[in-house]
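The residues making up each chain are set out below.
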Amino acid sequence: MAGEASDRKPFISKKIDKFFKGLADAWNFVKRFWQEVFLPPYEFKEVIHQCYRIGVESLPLISLTGFIVGIVFTNQSRPSLSEFGATSWLPSLISIAVVRAMGPLVTALIAAGKVGSSIGAEIGSMKVTEQIDAMEVSATNPFKFLVVTRVLATTFMIPILVMYTDFVALIGSFLNVNANELVSLSTFFVQVFESVSFLDIWSSVLKSLLFGFTIGIVGCYKGYNSSKGTEGVGRAANSAVVISMFLIFIEELLALQIVNAIRGM
Amino acid sequence: MSERVVHIRNLHKSFGDLDVLKGVDLDLFREENVVVLGRSGTGKSVLIKIMVGLLRQDEGTMEVLGKEVSTLSKRDLNAFRLKIGFSFQNSALYDSMTVRENMEFPLVRNIKNLTKKEITYRIEELLDAVGLPQTINQMPSELSGGQKKRIGVARTLILNPEIMLYDEPTAGLDPITCVEINNLINEVRERYKTTSIVITHDLTCAKMTGDRMAVLLDGQFRAEGTFDEVFPRATDQRIKSFYDYNFTET
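Line order of the protein sequences matches chains G and F.
Sequential numbering of the first sequence, starting at 1, is according to full-length UniProt numbering.
Sequential numbering of the second sequence, starting at 1, is according to full-length UniProt numbering.
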């Protein structure tokens with residue numbers, strides 16, 4: 001009845017109640033994704049379109065960032081290694097750092113900023129301009145068309161972008177090593193492949209899948225639940241980035257513990 | 001008397017402490033155009049959103065085409081929605097799609113096995129009907145407000161609805177475009193034999209399109225009848241001022 005919801009006394013305090021309600025909403029949103037992803041109809045065309053937007057359109061930024069990361073990290077590592085006369089280990093050090101942590105993390109953080117915010121803002125503006133309602137009243141499933149497609153696209157494309165970033169960062173590193181230590185391309189990459197294990201690559205790919213899923217689902221959730229007009233759209237985009245980044249760091253930490261445990265077996 | 005298609009009784013809806021609808025009753029008959037009038041924030045749009053299942057009432061019945069909307073399963077609700085067309089206040093065209101894609105979107109997802117030729121024919125037919133065949137490959141951002149409204153109506157008509165719901169069809173438009181939209185609403189009814197509810201606070205729109213007016217005040221319908229029965233001789237000061245503001249000033 002009228003006013004019932006607001007008359008109800010908060011269980012602990014309004015803020016804490018709101019926090020737990022938000023968590024429950026987010027959980028239901030994720031649950032709905034897993035329920036809808038396997039059910040027809042499938043929006044293949046839209047998934048491919050989103051993969052193109054998320055993957056191909058992110059390439060320039062990812063390329064530049066990866067390349068700079070490779071050069072900067074090599075430059076920063078050289079003085080420490082040269083103290084021990086171990087600059088010949090630079091390719092090994094860089095490859096391990098890039099494949100295990102820096103590639104996935106840098107790519108995911110950039111994607112959270114670029115892709116997560118754009119998903120949050122796009123779906124948010126569709127929400128406040130009633131485009132999502134329009135889809136719903138025309139007997140179509142906006143969740144499937146907007147959310148499932150975007151989350152699948154980020155989940156598929158982030159691992160590919162991560163591998164690409166790894167490659168570009170290693171090229172940047174090679175150019176730096178080549179200019180300073182006169183190491184050839186084949187020598188550099190032989191050392192890279194000797195240092196990197198299958199576990200490194202698989203853990204990097206699996207972690208990237210999780211990062212991609214996180215970026216997609218958080219962006220969609222924030223956009224889908226935005227309100228209060230243009231201000232709400234801005235807030236949705238902003239919180240999509242902040243929450244994605246926060247979760248990515250937590251996931252990175254957890255993944256590190258799991259991989260270290262496997263390595264120790 | 002023609003068949004009753006909408007039957008609303010004692011409908012209540014509130015948002016937190018705000019009671020918006022406080023016992024609304026309304027009947028709507030086939031091929032009738034009913035105009036729901038009221039000031040902003042009186043719950044006019046809430047009423048038609050409950051009608052298509054976008055919102056759920058707190059109390060009361062909302063029977064549309066013989067079905068209680070709030071009790072429909074997700075699957076039945078989708079089948080039911082095919083019979084209802086909803087024209088949104090801001091047109092709600094999908095920004096990232098062309099006019100053709102906007103119209104294709106509900107069509108290909110609800111009617112299977114259509115050939116490309118059939119889809120194009122249906123889209124062109126409806127764009128002709130709303131007088132905008134040349135916009136087929138344009139993006140919504142390239143259209144004027146009036147054009148967007150027309151395309152919004154065309155997109156709604158693509159599924160051959162039995163009932164059309166117009167949410168503030170003339171809001172934000174210049175007077176000439178308003179008249180064009182009002183004419184379009186009448187043309188749609190004649191051509192496609194639809195039953196309509198027009199939500200508005202524009203009395204010119206109400207007069208041009210409505211067979212019957214229903215004035216929503218304080219969460220209930222306070223007056224019902226033809227335009228001449230409800231307005232010129234209104235005794236309720238709020239309804240009278242509504243009329244005076246719209247007509248006497250101009």
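These are computed hints drawn from the structure, not numbers from a lab.
The C-beta atom is built at its ideal place from N, Cα and C for all residues, glycine as well.
Treat the hints with care, as some may be off.
As the list claims (entries may be wrong) - Going by beta-carbon spacing under 8 Å, a handful of chain F positions derived as facing chain G: (1) 52; (2) 54; (3) 55; (4) 78; (5) 81; (6) 82; (7) 86; (8) 90; (9) 94; (10) 110; (11) 121.
Claimed, not checked - No farther apart than 27 Å at their CA atoms in a straight line, the calculated lysine-lysine pairs in the DSS-like style are these: (12) G:31 <-> G:15; (13) F:240 <-> F:193; (14) G:31 <-> F:83; (15) F:116 <-> G:45; (16) G:45 <-> F:117; (17) G:45 <-> F:207; (18) F:240 <-> F:117; (19) G:228 <-> G:45; (20) G:31 <-> G:45; (21) F:22 <-> F:49; (22) F:112 <-> G:21; (23) F:67 <-> G:228; (24) F:116 <-> G:21; (25) F:67 <-> F:116; (26) F:67 <-> F:193; (27) G:45 <-> F:67; (28) F:193 <-> F:83; (29) F:117 <-> F:83; (30) F:193 <-> F:117; (31) F:116 <-> G:228.
Consistency of the hints with the structure:
With a cut of 8 Å, the hint placing residue 52 of chain F at the interface with chain G holds, because the nearest CB-to-CB distance is about 5 Å. Annotation: interface hint on residue 54 of chain F holds; nearest CB of chain G at approximately 6 Å, less than 8 Å. This hint is violated: residue 55 of chain F has a C-beta 10 Å from the nearest C-beta of chain G, more than the 8 Å allowed. At its closest, the beta carbon of residue 78 of chain F sits 4 Å from a beta carbon of chain G; the interface hint therefore holds under the 8 Å criterion.
Of the supplied interface hints, the one on residue 81 of chain F holds, with its beta-carbon coming within about 4 Å of a beta-carbon of chain G, less than 8 Å. Hint status for residue 82 of chain F relative to chain G: holds, with the closest Cβ pair at about 5 Å, below 8 Å. With 8 Å as the threshold, the beta carbon of residue 86 of chain F comes within range of chain G, its nearest partner Cβ sitting at about 4 Å, so the hint holds. At about 6 Å, the closest approach between the beta carbon of residue 90 of chain F and any beta carbon in chain G falls short of 8 Å, and the interface hint on this residue holds.
Because the smallest distance between the Cβ of residue 94 of chain F and any Cβ of chain G comes to about 6 Å, under 8 Å, the interface hint for this residue holds. Hint on residue 110 of chain F holds. Least Cβ distance to chain G is approximately 5 Å, under the 8 Å limit. Given hint, residue 121 of chain F at the interface with chain G, is violated; its Cβ is 19 Å from that chain's nearest Cβ, farther than 8 Å. A distance of roughly 24 Å separates the Cα atoms of residue 31 of chain G and residue 15 of chain G; the hinted pair therefore holds under the 27 Å criterion.
The suggested pairing of residue 240 of chain F with residue 193 of chain F is violated, with an alpha-carbon distance near 33 Å, which exceeds 27 Å. Distance hint between residue 31 of chain G and residue 83 of chain F is unfulfilled; the C-alpha atoms sit about 30 Å from each other, more than 27 Å. Restraint check: the Cα-Cα separation between residue 116 of chain F and residue 45 of chain G comes to about 16 Å, which is no more than 27 Å; the hinted pair holds. With a C-alpha separation of about 20 Å, the suggested pair residue 45 of chain G and residue 117 of chain F falls inside the 27 Å cut-off, and the hint holds.
Only pairs whose Cα atoms come within 27 Å are accepted, and residue 45 of chain G paired with residue 207 of chain F is rejected, the gap being roughly 46 Å. About 53 Å separates the Cα atoms of residue 240 of chain F and residue 117 of chain F, which puts this hinted pair outside 27 Å; it is violated. For a cut-off of 27 Å, the pair hint linking residue 228 of chain G to residue 45 of chain G is broken: about 32 Å separates their Cα positions. With a CA separation close to 24 Å, the supplied pair residue 31 of chain G and residue 45 of chain G stays within the 27 Å bound.
For the hint pairing residue 22 of chain F with residue 49 of chain F, the CA-to-CA distance comes to about 16 Å; that is within 27 Å, so the pair holds. For the given pair, residue 112 of chain F sits about 40 Å from residue 21 of chain G by alpha-carbon distance, which is inconsistent with the 27 Å threshold. Using a Cα cut-off of 27 Å, the hinted pair residue 67 of chain F and residue 228 of chain G is violated, with the two alpha carbons roughly 33 Å apart. Taken as a hint, the residue 116 of chain F and residue 21 of chain G pair is broken in the structure, with Cα atoms around 46 Å apart against an allowance of 27 Å.
Our distance criterion of 27 Å between C-alpha atoms is broken by residue 67 of chain F and residue 116 of chain F, whose separation comes to about 34 Å. Between residue 67 of chain F and residue 193 of chain F the CA atoms are separated by roughly 20 Å; this keeps the pair inside 27 Å, and the hint holds. Restraint check: the Cα-Cα separation between residue 45 of chain G and residue 67 of chain F comes to about 35 Å, which exceeds 27 Å; the hinted pair is violated. This hinted pair checks out: residue 193 of chain F and residue 83 of chain F have alpha carbons roughly 12 Å apart, not beyond 27 Å.
As the CA atoms of residue 117 of chain F and residue 83 of chain F are separated by approximately 24 Å, the hinted pair is consistent with the 27 Å bound. Straight-line distance between C-alpha atoms of residue 193 of chain F and residue 117 of chain F comes to about 25 Å, which keeps the hinted pair within the 27 Å bound. In summary, the hint linking residue 116 of chain F to residue 228 of chain G is not supported, as the alpha carbons are separated by about 40 Å, beyond the 27 Å threshold.
Going down the numbered hints, you'll see the structure goes against 3, 11, 13, 14, 17, 18, 19, 22, 23, 24, 25, 27, 31, while the others check out.
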